[in-house]
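Chemist: Knowing the structure of chain X, use the given hints to seat chain L on it.
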Amino acid sequence: MDYAFIFSSLIKIAALLAVVLGIMNYAVYAERRISALIQDRLGPNRVGPAGLFQPIADAAKFLLKEDFTPAHVNTFYYWLAPCLAMIPAITTLAVVPFGSSLFGVPMVIADINVGVLFVFAIASLGVYGIVIAGWSSNSKYPFLGGVRSSSQMISYELSLGLAVIPVFLLVGQLRLTEVVRYQIENGWLIAPFVGDWGNLQKWLLAIPMMISFVVFTIAIFAETNRLPFDLPEAETELVGGYHTEYGSMKFGLFFLGEYVAMITGSAIIVTLFLGGWHFPGVPDGSHGWGWGLLNIFIFFSKIAGLLFVFIWVRWTLPRFRYDQLMRLGWVFFFEIALVNIFIAAIIIAYLPSK
Amino acid sequence: MAITVSRPKLNFRERLYLPAILSGMAITMRHFKNMLFGRTKVTMQYPEEKWDSHMPEHYRGAPALVRDDTGRVRCVACQLCEFICPPRAIKIIPGEFPAGDKFAKVEKFPHEFDIDMIRCIYCGLCEEVCPEQAIYLRKDYAITGFTRADMVHNKEKLLEIGGVMHGVVLKWNEKK
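First to last, the protein sequences are chains X and L.
Note that our numbering has the first sequence beginning at 1, numbered continuously upward.
Note that our numbering has the second sequence beginning at 355, numbered continuously upward.
Treat each hint with caution, since some may be false.
As the list claims (entries may be wrong) - The calculated EDC-like cross-link candidates involving lysine to aspartate or glutamate, where the alpha carbons are at most 16 Å apart (straight line), are:
(1) X:K140 / X:E237
(2) L:K493 / L:D422
(3) L:K395 / X:D40
(4) L:K456 / L:E411
(5) L:K445 / L:E510
(6) L:K387 / X:D40
What the hints assert, rightly or not - In silico contact screen, one side only, chain L against chain X (beta carbon under 8 Å); selected entries:
(7) L370
(8) P373
(9) I375
(10) T382
(11) H385
(12) M389
(13) L390
(14) M398
Bear in mind the hints are in silico, worked out from the structure with no lab data behind them.
In this text, a Cβ means the ideal position worked out from N, Cα and C, and glycines have one as well.
Bound-form chain L, shown alone:
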């Protein structure tokens, strides 16, 4: 069934059309002036201004490995993170401490530790599952590279992002 939409009856001023155009132009001119004199808030100019200082506490960025106070890589190559990782971004090849080493009691260390940052979904499950508190999600978010190989973070890169973590877990140290 056809519905007749009743048109509003326009008065002379509205039918003249020009006043509406002029008021529209006044609106755009107001926006123009407000922008020109910096009274309008605009988006962040990204490469110059960054989110870094505004980043929330709970932000999950790139995962990274940490060393402890003695300089040992905290990871013990238990491979829990490798198993929990939903996109299977983590690849660990464990190595063994030789007998008589200062850390022989720890038994294992990661010989290779690669995280494919193309696959990583920043879920934080690796951080959550780690019994050693060896892997953390940092606030780095601009992960870029020219090739797929560039986007794989190896152990050196992960330690570089992670740095040293002081205190907290000291269970592999000699009892003091």
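Isolated chain X (complex conformation):
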């Protein structure tokens, strides 16, 4: 191992973690402000200019609260669960290319060839945090939340996996940097505006890609427990669902873990369907470090846009009933994703690519 690689990796890890945790804190603030504006309120606007220091105040509150462990819980798993909710969400970011290159260093922490499989493998571990939290709390509402979460995750993981297959039929690789490279050469998968205009296959493929994108996005909503799929939490039915018995920073980890999962989910969507760090007309980092930074900025701007959509949808749609949720997952999305694979495969097989 050469030291330069280890050193640059450590810097990348630290920088990415800092940026993502910063975005996470301000995602909470944005959630509160945007939800307020949607509901004709103002939201938190007291702490600092326009309430911008609110996340700091929230974090201080979480840290200063008494870290209480109820007597009736299974202590080991009770303490383990919040970590299990947070860690997978952050770990997934390791394989996402968040920029082109900076001073010749590729802006991805681990460019592994199983890319998206790694994402699914790690991201689905997040459900263990919720299930263990629900079970170890030794209380009825958290238990119901945990059970709901496990069945919901299984239902939507399926359409999540099936939805990305057309992407990899087309790209031919699981490596996420290759997916981005393909999109730079041939245009973003849902909007192929770059490259040859007369290519019929590319334009026809945008249809199954769009379907993939919609199914994948909705499945990510379900994976991150966001409304309209927040049945594990369901504060109107289950008090707080799996985190009813949690307080202080342990609750904070669940709460912020959800936001990190949102950021990770958005990052995957951006990488797979929205061209990653690429924006038409902006060269990559080999043309100077300024462009490299701009690429990173573009990537996080796209994530911010998607986060806005997450928040916007949350404050628009009511929660699904449980049977509707299951029906939607197993009867509709599963079938749509499956048929979509065939459509994409037929287009790729029978239409000329050049």
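Modeler: Structure of chain L alone, referenced to chain X:
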């Protein structure tokens, strides 16, 4: 008896579900934009904006004692307000003007005059019953304190809120 509720028959567009979601999202986006550009009326931002200028004429706020033009506390310690006060918030200890005092004719003045603002219900009966027009309900509404003792307005505090009342009743003055 069971009642069968007939479900409406949905057409294809309604069964597709997505158009309804999109129109819902358009509605929330409209609210968002209207708020963002300040086109929606929101509630008053309390500590910065206050009701003071919008306060109605008949508003009943904190009760207060007043002085007259000569600087005498108008109250003559008749204790009518103390007796009428429904929550018994008022406590008066009368004092007597010494003979030869400028106001000896008035006979009494309040030595102590406490109103417990935790008890006060802002009914205005004290103002109504006062024969001397010495107690008034002002427009102060933000009465706060850290302790119960803080919430008791003594004579100084009541006079500070009330200030000086000019004219109106001059019956204790010498005939001019």
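Chemist: With reference to the structure, classify each hint as holding or not holding.
Modeler: Outcome of the hint check:
1. Taking the CA atoms of K140 (chain X) and E237 (chain X), the gap is near 12 Å; set against the 16 Å cutoff, the hint holds.
2. Distance check on the hinted pair: K493 (chain L) and D422 (chain L) sit about 20 Å apart at the alpha-carbon level, beyond 16 Å; violated.
3. Of the supplied pair hints, the one linking K395 (chain L) and D40 (chain X) holds, its CA atoms being roughly 8 Å apart against a limit of 16 Å.
4. Of the pairs offered as hints, the one joining K456 (chain L) and E411 (chain L) is violated, with about 36 Å between alpha carbons and a cut-off of 16 Å exceeded.
5. A threshold of 16 Å between alpha carbons decides the hint, and for K445 (chain L) with E510 (chain L) the separation of about 14 Å falls inside it, so the pair holds.
6. With a CA separation close to 10 Å, the supplied pair K387 (chain L) and D40 (chain X) stays within the 16 Å bound.
7. At its closest, the beta carbon of L370 (chain L) sits 11 Å from a beta carbon of chain X; the interface hint therefore is violated under the 8 Å criterion.
8. Interface restraint check: P373 (chain L) against chain X, minimum CB-CB distance 13 Å, threshold 8 Å, status violated.
9. For I375 (chain L), the interface hint holds, since its Cβ comes within 8 Å of a Cβ in chain X; the closest pair sits about 7 Å apart.
10. At its closest, the beta carbon of T382 (chain L) sits 4 Å from a beta carbon of chain X; the interface hint therefore holds under the 8 Å criterion.
11. Evaluation of the H385 (chain L) hint against chain X yields a held restraint, the C-beta minimum of about 5 Å falling below 8 Å.
12. With a cut of 8 Å, the hint placing M389 (chain L) at the interface with chain X holds, because the nearest CB-to-CB distance is about 4 Å.
13. Nearest Cβ of chain X to the Cβ of L390 (chain L): about 6 Å, under the 8 Å cut. The hint holds.
14. The criterion of a C-beta within 8 Å of any C-beta in chain X is not met by M398 (chain L), whose closest approach is roughly 11 Å, and the hint is violated.
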